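J.: Given next are the chains, with one letter for each unit.
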Amino acid sequence: MAGELSGILEHVDRIAELDLEDVPPTSHVVELENVLRKDEPHESLDRDVALAQAPDPARGAFRVPSPQAEA
Amino acid sequence: MAEMLDLTVVQAHEAIAAGELSAADYAKAWARAAADDELNAYLWRPEDGDEGAIAVEQPRIAPVAVKDIFCTEDVPTTAGSRILEGYRPPYSATAVCKLLEAGAPILGKLNMDEFAMGSSNENSAFGPVLNPWDRGRVPGGSSGGSAAAVAGGLAPWAIGTDTGGSIRQPASLCGIVGLKPTYGAISRYGMIAFASSLDQCGPLTRDVADAALMLGILQGADPCDSTSVGLPEASRLPQGEDLKGLRFAVPAGLTSDAIESGVREVFEATLATIERLGGEIAETPLPHAEHGISAYYVIAPAEASSNLARYDGVRYGMRAETSGDVIEMYEATRAAGFGPEVKRRIMLGTYALSSGYYDAYYGQAQKVRTKIAGDFAAAFADFDFVVTPTSPSVAFGLGEKTSDPLAMYLNDFFTVPMSLAGIPAISIPAGLAEPAGGGPKLPVGFQIAAPAFGEQKLLDAAFALEQAIGFDAKPGGGGG
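As given, the protein sequences belong to chains X and D, one line each in that order. Position 58 of the first sequence, counted from 1, bears residue number 58 in the working numbering, the numbering being contiguous throughout. Position 339 of the second sequence, counted from 1, bears residue number 410 in the working numbering, the numbering being contiguous throughout.
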């Protein structure tokens with residue numbers, strides 16, 4: 001995969017040669033004005049439903065292996 | 072029964088409204104047709120009423136097939152990836168909800184390149200989709216299942232997603248219509264994210280009128296997607312018999328190498344048809360479009376590397392069994408769950424965003440994007456539309472480009488610039504052409520791009536052109 005990635009980067013590197021010093025980068029393609037909405041509480045997913053897809057739910061939470069490696 | 076399935080969706084709806092056709096019978100006939108899928112187009116279909124929350128008791132409009140990137144409540148949603156195998160989302164995407172509310176039964180979930188990364192559907196973890204015109208060839212991608220299902224008579228219409236061409240290119244390779252709407256026209260809530268500044272939902276249909284009908288159902292602002300704004304005018308079915316007074320721009324220098332001769336012939340014949348309909352054609356410079364692929368393959372992988380960080384084996388999807396710590400679990404899960412193309416793009420994107428490289432890659436690519444959008448804005452000051460072939464080639468053989476990722480990426484040469492600019496573009500079938508290596512003729516798509524939110528005018532022009540072209544070839548039916 002290293003060779004493939006090099007080939008892709010070589011192609012991508014072509015844009016490095018363009019002089020775009022004063023060009024602003026695009027952050028959003030469509031002209032939109034930011035708006036605010038009221039911060040109203042609404043129902044979200046039930047905890048059991050949110051946990052139902054987890055590989056290892058336990059006691060109302062997502063269980064993961066210990067962050068500390070076993071000796 | 073076959074006659075019923077020959078109708079376009081607009082025609083079927085007219086027959087339903089006139090009382091000549093029962094929407095329920097029509098839906099059942101399509102469910103039977105979908106069951107005969109020999110193209111690997113479907114990843115999931117309801118069997119014995121196993122539709123759970125997305126069941127539609129009384130169909131009112133045509134059933135729809137949905138790319139497996141859209142969350143469907145209680146129904147498997149994989150995005151073509153092992154890492155989501157077995158995942159049944161607790162909610163449905165807004166696009167799916169809108170179809171259900173309109174009374175459209177869901178025919179099934181459609182195969183796709185993993186996380187929508189690909190141009191041939193060969194990156195699906197669940198096997199490639201076959202092109203109905205020639206089963207030894209790819210249907211395009213990433214919405215390959217959507218395009219093959221509609222072209223192959225397995226669905227009356229479908230929805231897909233387009234990040235750099237993933238609706239338009241497969242539509243082109245399968246001889247159907249594919250529309251990428253303006254960025255923000257349709258809600259993306261519940262649509263699994265690939266590259267958020269580019270992703271957009273859209274229809275894959277038999278003809279332009281069906282695409283307009285689907286767009287009307289799907290478009291609209293959604294409080295659940297802050298990037299959605301909808302369309303400024305209620306969409307109607309397209310109309311128009313000519314192209315008088317309309318100006319079409321062909322990007323200068325575009326008809327050089329890379330394009331197959333058969334594709335170029337169809338493209339030039341279509342330009343002649345536009346002129347016959349009263350449209351004017353002239354060249355326009357689009358100087359930065361050639362850098363679209365370079366900018367895209369920085370921006371899209373960068374955003375993907377961030378979006379795909381969520382697949383870690385904790386909240387949903389698969390988890391690899393390991394004996395070590397949580398980091399080892401993350402690594403093993405992602406190593407086992409993601410396919411090679413997804414890994415390639417995560418690595419590219421992570422590299423492009425890394426400290427010391429950010430400005431040279433992501434920053435520079437976002438500036439190129441500004442220049443490409445500026446090129447289009449300049450073109451639209453003088454022209455109504457920009458036209459190109461949709462894809463440089465007709466459908467290529469399975470396995471033909473899998474060993475060379477860069478060659479695969481160049482399939483998106485004509486579709487990526489519009490995605491970077493956020494503007495709407497449609498691919499319509501324009502004719503048939505012999506593949507470069509010889510063989511039976513295959514469909515060629517013609518792409519028309521319009522200014523942002525110019526969908527209605529775009530659909531009207533595409534409709535007039537479609538009527539004049541009169542493309543009526545069918546897979547397996549020969550033609551010429």
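Keep in mind the hints are simulated off the structure, nothing from the lab. Incorrect hints may appear among the rest.
Covered stretches of chain X, as calculated for chain D (at least 3 residues, CB under 8 Å) [said to hold, decoys possible]:
(1) 14 to 28
(2) 50 to 59
Sample of chain D residues at the chain X side, in silico, Cβ under 7 Å [as the list claims (entries may be wrong)]:
(3) Tyr158
(4) Ala380
(5) Arg386
(6) Arg440
(7) Gly470
(8) Glu471
(9) Pro476
(10) Leu477
(11) Ala478
(12) Met479
Covered, in the sense of this in silico footprint (three residues per stretch, anywhere, with C-beta under 8 Å from a C-beta of chain D), are these stretches of chain X [stated by the list, open to error]:
(13) 1 to 10
(14) 31 to 45
Source: prediction; values computed, not measured. Here a beta-carbon is modelled for each residue, glycine too, at the ideal position from N, C-alpha and C.
J.: If you take the shortest Cβ to Cβ gap from Arg386 of chain D to chain X, is it below 7 Å?
T.: This interface hint holds because 6 Å falls under the 7 Å limit.
J.: Would the hint on Tyr158 of chain D be counted as holding, given a Cβ-Cβ threshold of 7 Å to chain X?
T.: Since chain X brings a Cβ to about 6 Å from Tyr158 of chain D, closer than 7 Å, the hint holds.
J.: Would you settle whether the hint for Ala380 of chain D is holds or violated, based on the nearest Cβ-Cβ distance to chain X being less than 7 Å?
T.: This interface hint is violated because 15 Å lies over the 7 Å limit.
J.: Hint validation: Leu477 of chain D versus chain X, beta carbon distance must be below 7 Å. Holds or violated?
T.: 5 Å, holds
J.: Given Glu471 of chain D was flagged as interface, is its beta-carbon under 7 Å from a beta-carbon of chain X?
T.: 16 Å, violated
J.: Can the hint on Pro476 of chain D be confirmed by a CB-to-CB distance to chain X that is less than 7 Å?
T.: 5 Å, holds
J.: Less than 7 Å between beta-carbons is the criterion; does Ala478 of chain D satisfy it with respect to chain X?
T.: This hint is violated: Ala478 of chain D lies away from chain X, its Cβ roughly 10 Å from the closest one there, beyond 7 Å.
J.: Within the assertion that chain D covers the region 31 to 45 of chain X, do at least three residues meet a Cβ-to-Cβ distance smaller than 8 Å?
T.: Since 3 is at least three, the answer is holds.
J.: Given as covered by chain D, does the region 14 to 28 of chain X meet the bar of three residues or more with CB within less than 8 Å?
T.: The restraint on the region 14 to 28 of chain X holds, since 11 of its residues have a Cβ under 8 Å from chain D and three suffice.
J.: Hold the hint about Met479 of chain D up to the distance rule: shortest CB distance to chain X must be less than 7 Å.
T.: 10 Å, violated
J.: Can Arg440 of chain D be said to touch chain X, with a Cβ gap under 7 Å?
T.: Holds - the Cβ of Arg440 of chain D comes within 7 Å of chain X, reaching about 4 Å at its closest.
J.: Are Gly470 of chain D and chain X close enough, Cβ to Cβ, to be under 7 Å, as the hint says?
T.: 16 Å, violated
Violated hints for the displayed structure, listed by number in ascending order: 4, 7, 8, 11 and 12.
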